[in-house]
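**Student:** Could you build all of it, start to finish, from the sequences and the hints given here?
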Amino acid sequence: MAALQQKAKEQIVEICRKYKDEPTPLMVILSEVQTEYGYIPLEVQEVISEETHIPVAEIYGVVTFYSFFSLKPKGKYVIGVCLGTACYVKGSQAIIDKFCDLLKIQPGETTEDGLFTISALRCIGACSLAPACSINGKVYPTLTVDKVQGIIDEYKKEASV
Amino acid sequence: MQKIDSFKKLEEEIRINSEKLVAKYDGKDGFRTIAMCTDTGCEATHALDVYAEFEKQIKEKHLENNTRLAHVGCFGLCSQGPFVKIYPEETLYRLVKVEDVEKIVDQDIIGKKVVEELLYEDINTHEKIRKLEDIPFYKKQVKIALHGCGVINQESLDESLGCDGFKGLKKALSMTPQEVIDEVLASGLRGRGGGGFPTGRKWQFAKNSVSDEKYVICNGDEGDPGAFMDRSVLEGNAFEVIEGMMIAGYAIGAQNGYFYVRAEYPKAVERLKNAIKLMNERGLLGDNILGTDFSFRAHIRLGAGAFVCGEETALINSIQGQRGMPRPRPPFPAVKGLWDKPSIVNNVETLANIPYILREGASSFNKLGTEKSKGTKVFALGGKVRNVGLVEVPMGVTLRELVYDIGGGVPNGKKFKAIQTGGPSGGCLTEKDLDVPIDYDNLIARGSMMGSGGAIVMDEDNCMVDVAKFYMEFICDESCGKCTPCRIGTKRVLEILNKIVSGNGEMEDIEALRDLADTMRDGALCALGQTAANPVLSTMANFMDEYVEHIKDKTCRAHVCKSLMQYVIDPELCKKCSKCARNCPVECISGVPGKEPYVIDQSKCIKCGTCYSVCPFGAISKR
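Taken in order, these protein sequences are the chains called A and B.
Each residue of the first sequence is one higher than the one before, counting from 1 in the working numbering.
Each residue of the second sequence is one higher than the one before, counting from 162 in the working numbering.
Please keep in mind that the hints were generated in silico from the structure rather than gathered at the bench.
The C-beta atom is built at its ideal place from N, Cα and C for all residues, glycine as well.
Hints are supplied without guarantee of correctness; some may be wrong.
Covered by chain A, according to a simulated footprint, are these stretches of chain B (three or more residues, beta-carbon under 8 angstroms) [unchecked claim]:
no. : segment
1   : 200-209
2   : 424-434
3   : 456-467
**Tutor:** Now the structure itself:
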């Protein structure tokens with residue numbers, strides 16, 4: 001608990017209290033904490049537990065069940081490569097392989113500099129633009145292996161300014 | 162903001178807004194209207210930049226007094242986006258880029274002359290087509306669930322009212338709840354999420370359950386990889402889905418409705434929030450709606466990336482703040498659902514059909530379709546097909562019409578191999594199934610299922626064993642782990658498939674796959690596990706020769722499975738330029754520039770395909 005700064009704790013408490021009149025608000029709280037902080041470590045789960053009186057064990061069970069919730073911080077840019085059917089039949093496996101190859105990490109991992117996380121997504125609903133990836137919500141349509149380096153460079157450049 | 166608190170006021174609003182909506186497009190006020198789809202598909206191809214450029218040009222060229230810009234929902238033919246539609250002529254431009262905007266403004270808006278090169282071109286005749294309805298892709302379509310998409314501003318309650326909005330609700334509130342259910346039963350509507358259970362019967366069960374509180378849940382957890390129908394419906398006309406939910410609430414006696422939407426669909430969630438807010442402000446949600454005794458509130462809950470939450474009991478657990486695991490049924494949610502109260506779970510598209518059924522009558526709805534499947538179905542047509550996009554067709558059209566007449570066939574001169582429907586629970590259908598009219602029962606009889614509407618076309622470049630492996634990886638990842646047949650069964654099936662694609666398969670594996678499939682079907686707790694083996698069974702049924710080739714001949718005819726293919730340089734075609742060798746990451750290509758043709762050392766090759774893509778002479782082939 002000591003690791004969590006007072007200010008961060010207050011914000012989490014605030015999120016919990018915002019939904020105190022909702023029946024069974026755990027998913028809503030976790031979604032908002034994930035969006036605000038990027039991850040939900042054990043210290044944060046303890047605060048949520050105190051506020052909602054839900055045992056930490058139960059919260060941990062929920063956090064680890066859903067792929068949207070993360071125990072570890074994600075990179076500044078989350079590269080979600082779509083491996084939905086439409087993208088897969090159009091070669092998205094080669095696209096994610098290229099991202100992994102160039103960034104030297106595996107899907108689910110984050111680069112050492114904390115810039116990039118690669119995640120394999122199951123359909124982002126952009127099937128008409130297959131193969132596609134989504135970086136922090138921005139969709140990159142009709143990818144080819146050759147475009148991958150350029151996309152990474154674009155974000156490296158953005159991060160350096 | 163004036164409340165709409167009586168039937169009379171609603172009628173008045175509908176009248177005024179219908180006139181306004183017609184006037185927006187008919188040009189009688191001297192205005193031309195430039196309508197653009199700005200939903201997820203077109204946004205990704207920079208529709209918002211195009212929109213901003215139009216804004217800029219209109220301002221710079223002082224056209225504000227006779228030109229207006231409008232946001233609308235999805236036109237459907239997403240692979241040709243961004244779209245620009247000019248009213249009143251209804252000229253449709255496609256694949257519009259920022260640099261095309263000036264030309265459209267100068268030539269069409271100012272000069273009133275069509276920009277031919279931006280019109281849709283027929284893929285066979287190469288004839289230019291000016292109007293949307295003349296494009297073959299749209300000819301067989303009938304819009305019921307997608308009503309209003311591509312016409313109304315997605316964020317305007319007024320425009321929804323101008324586009325038949327809430328006429329269905331008004332009709333429903335003038336009937337008894339039982340009469341509403343009877344109408345839905347008579348329409349023959351079946352659940353559009355995949356199962357195909359008659360919607361009216363589900364409602365009847367929930368209505369018959371006695372309780373102080375009941376719930377309507379809208380399942381927007383569209384997890385089938387390759388499907389985006391529900392996203393487009395929610396983005397294009399969320400008002401209509403809420404209206405459908407309210408009618409369901411009135412019919413079963415519920416006062417609260419929950420939307421459960423995937424977190425991967427931020428725009429759909431935003432639209433839904435906006436629609437609920439506007440309806441609350443105007444009194445269309447809340448207490449005593451339209452001056453009746455009916456009160457209803459709508460809430461939104463987000464999914465968090467778990468496919469199994471599309472299963473209704475898992476979805477309910479998720480809303481309840483628990484792990485999204487299914488529980489045995491019975492009791493069915495209609496008896497004991499959300500917070501143990503009677504609840505119905507209906508899919509987005511199902512609810513989007515309801516306003517039409519009430520507004521136009523069950524007989525208008527059930528005259529479309531086949532004997533046991535009425536109305537229309539929205540498909541997300543994707544994969545190896547020329548026209549990729551969202552399609553709403555009457556039940557009973559054939560797969561051939563879907564793939565060839567609407568989809569335009571397979572591109573690049575490749576041969577059609579299969580169409581996968583029903584997602585990870587469905588199966589592959591082949592050439593021999595193409596003339597079957599699409600309905601729930603026909604697809605099941607052919608070894609697939611309707612599913613939520615994903616329809617992925619595959620060509621000769623797709624390996625069917627690899628496709629089966631793809632689905633099994635998905636299901637294995639998404640299995641919640643609660644029941645043993647699914648948790649262990651999917652893992653074992655995946656291991657066997659991996660063994661086969663890596664060239665270590667044995668003929669006994671085929672039997673083992675069948676055995677595991679039977680166990681899962683009979684023993685798994687929910688539909689996810691019971692149907693998990695379907696993609697494997699249907700590819701085995703239709704493409705056993707490919708399985709046998711992988712196992713006995715150690716070859717993959719589509720050259721997809723890396724362990725079973727090689728890159729080979731044809732010495733006749735090799736111009737000895739050394740480009741392949743220079744680009745090879747593992748330096749396994751040798752030769753002498755200008756003198757000796759290059760050769761790949763197969764023992765070192767990692768099959769990355771770099772040489773294949775860099776060779777300027779097409780001398781490298783897959784074998």
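**Student:** With a C-beta cutoff of 8 angstroms, work out whether three or more residues of the segment 200-209 of chain B approach chain A closely enough for the coverage to hold.
**Tutor:** holds (count 5)
**Student:** How does the coverage statement for the segment 456-467 of chain B fare against chain A, requiring three or more residues with Cβ below 8 angstroms from a Cβ of that chain?
**Tutor:** holds (count 6)
**Student:** Verify the coverage statement for the segment 424-434 of chain B against chain A, using a C-beta to C-beta distance below 8 angstroms and requiring 3 or more qualifying residues.
**Tutor:** holds (count 4)
Checked against the numbered hints listed earlier, the structure breaks none of them; every hint is satisfied.
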